[in-house]
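Asks: Since the structure of chain D is already known, use the hints to place chain C on it.
One-letter residues, chain by chain:
Number of protein chains: 2
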Amino acid sequence: MTRTLIRNGTFVTVNDEAPLVRGFMGFDNDTIIYLSDKEPDASVPFDVIMDGTNKLYMPGLVNTHCHAAMSLLRGYGDDLALQVWLQEKMWPNEAKFTGEDVRWGTLLSILEMIKGGTTSFVDMYDHMNEVAQAVELSGMRGCLTRGAIGLCPPDVQEQKLQEAIQFAKDWHGKADGRITTMMSPHAPYTCPPDFIEKFVQAAHDLDLPMHTHMSETLHEVLENEKQYGLRPVDHLAKLGLFSRPSLVAHAVHLTDREIETLREHNVHVSHNPGSNLKLASGVARVPDLLKAGVLVSLGTDSSASNNNLDMFEEMRLAALIHKGVSGDPLAVPATEALKLGTVNGAKSIWLDRVGTLAVGMKADFIALDVDQAHFLPKSDYVSHIVYSASAKDVTDVFVDGKQIVRGGEALTLDEERIKYEAQRRFELLTN
Amino acid sequence: MTRTLIRNGTFVTVNDEAPLVRGFMGFDNDTIIYLSDKEPDASVPFDVIMDGTNKLYMPGLVNTHCHAAMSLLRGYGDDLALQVWLQEKMWPNEAKFTGEDVRWGTLLSILEMIKGGTTSFVDMYDHMNEVAQAVELSGMRGCLTRGAIGLCPPDVQEQKLQEAIQFAKDWHGKADGRITTMMSPHAPYTCPPDFIEKFVQAAHDLDLPMHTHMSETLHEVLENEKQYGLRPVDHLAKLGLFSRPSLVAHAVHLTDREIETLREHNVHVSHNPGSNLKLASGVARVPDLLKAGVLVSLGTDSSASNNNLDMFEEMRLAALIHKGVSGDPLAVPATEALKLGTVNGAKSIWLDRVGTLAVGMKADFIALDVDQAHFLPKSDYVSHIVYSASAKDVTDVFVDGKQIVRGGEALTLDEERIKYEAQRRFELLTN
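Protein chains in written order, with the UniProt record's numbering: chain D, 1 to 431; chain C, 1 to 431.
For reference, chain D alone in the conformation it holds in the complex (with noise of 0.2 Å):
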């Protein structure tokens, strides 16, 4: 039993009770117990004292989008047209993709993200069990799902179910639980509506959630209409997915209808900013999800789309495009971005006890280093974070407790040997 204050720390807990706490948090194994401007008496001893001057706490990122593996893609064949790119960069190079590939490219994602003050993410790929592996490993937590194109024969798909629930079964509650899994037929215009209904069939039996893309682009949405008649929130509603518990990724063209049957069904959005604009599949409707009561979150989606992994950005990306693209210089304000990023991910997961600083929250937080000219003046953290802080200002991070980054440098994981090994992968893939 291990119970660590940290002293003279700068606190923005994202909990509106106590917004900003200058002065002491303590916590005790995996857990928050003390978080005030006054010391703690000596009735509580700690074994660990901390001085957090000069740093910046705040709760760890979760990033609710990412196909982690595709980092090895980074960078390979950017500025072509979406059809271009993925049927001659992606595609051909995600099928050769083995277990090695997705071990090496997931580490390399990770090893950013954590750096990066990611504390928790979802990954929905192939080869899972090297995604777990490699999230057991790295002390970060991961909600994981086996991704599953159904353009394939019945044999295959069958095969493809079978692999996704035996990964959900197989990984749900591991690594000390900051392991968690889904259901995850990949997209309406790439699954067959039975294909569909039987990853929900499926969730229902494993008391598990859903996650997929929706209506990422408008061609989708219109091919969707002409094929089965609907747009894909009221086809993916008639297939039941929303009778699950459901988090979808991307929904840049809705109607007000479709954003009132999400809010009914309590659907959660992943919005990816980064990747939607360098798509350029367009602007989700933000504002309106939120005016609405939907749970928003933020993901990076895959870094060969975005092309990091640096939740600050994706939270300043959403806090400035709806500004922009909307005229109203108050649409997603730095306190709501900064939620999103935080409190609205970890909901989104299905994670209570993540995203805010309080006490009998998870001790899943970060530490930034504001000691630098663009902290200053100490006007308003939260607009620092959101307008002007960037992965590269991360010392610190915790996840249950556990440091598993110090000063910078990954406490888990072989820096060398996956930057080593990513790029090995990523010449023996392409040459």
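In short, the hints are calculated from the structure, not lab data.
Please note that the accuracy of each hint is not assured.
Stretches of chain C that chain D covers, calculated by requiring three or more beta carbons in the stretch to come under 8 Å of a beta carbon on chain D [as the list claims (entries may be wrong)]: (1) 80–94; (2) 280–291; (3) 294–308.
By construction, the Cβ of each residue, glycine as well, lies at the ideal position given by its N, Cα and C atoms.
Replies: The following block gives chain C in isolation, referenced to the frame of chain D:
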């Protein structure tokens, strides 16, 4: 006389004839004399040899619109309606700015800029002697101008004009040529026509270019039409402003005909995507400007409306938002965004020997540490610079062949003093 050779470097030159060089770059005092994948022969002796392993070298970034002193108000009153922010937060505090405030605010910005790889910037503000002294001390380049608002009695107008003229005369070509000057009526909506004409006349007399804000908000464009019967471009053309070499900031709201007029007069446009988004001014027609052949560069605007001075972010925003808003994934590709932030910026402020790496060019260049997860795999360094890098990746900065940042540390400025004084000035201003 010092001849320096960098070995084992990767050079992104922004020179179309040899965009990527892996090997050697030599410079003699302020000028690049060698750039090749082959080692120079012994007939050219070098006094200093530097190792460039794991470093990516590129031209220094050029920020073509800034009000550096306003960093003192970073994060002060964010997320308010534009008029409330201006009238209650910015203007009353700026009115209180003394020379001391401008000195420390400017130094705070210059510290952030040089550490982040910006080697040249445009500054438009008041107390410009302080700004020029800060630039001289820092070792960076500045294209500086006393911005004058003409909404004041004739004697105050005249005083501002004389101040602007005196400053321009005193500092043009100073600091070993690193400082140049311009004439700047603040904006059409803050300057009566005859006041603008006086600045144009002074620019003719002194043979200097012009800099002004133009068409930042739709509101100001409509007001200009109402007041003068002309949109801002025709209005400024009529007042003779474009008879001088001109750089205009923002240019968000333009008609096709205005774009054509800007091209005809060879007016340079400083695109400020971060500031335009944050202040909800809109999205400039950058793809159309580029297609028309207008010289477009990038500016941060002040860190009160950005909120940092990271030019990598401005390149990334320029590359992302125009794709997302236009629906064209080929809009402003990374190669173009990199030019906007480097060679176009240099040309925009009439620096012909800055902005690319090539023999005969000035040794204004920066190094990035690319031995990091977000720069892997080694697929496309232009993509990595634009879509993945940040100011915090910069390790070394050279201007005129003199090193001003080494291993992330500013060599010319007293960082601790600047941070202390900037915070103190903020507290004095706002308490």
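Asks: Compare the structure with each hint and give your call.
Replies: Hint by hint, here is what the structure shows:
1. 80–94: holds (count 4)
2. 280–291: With 4 residues close enough to chain D, the hint holds.
3. 294–308: As far as the segment 294–308 of chain C goes, the hint holds, because 4 residues have Cβ atoms under 8 Å from chain D.
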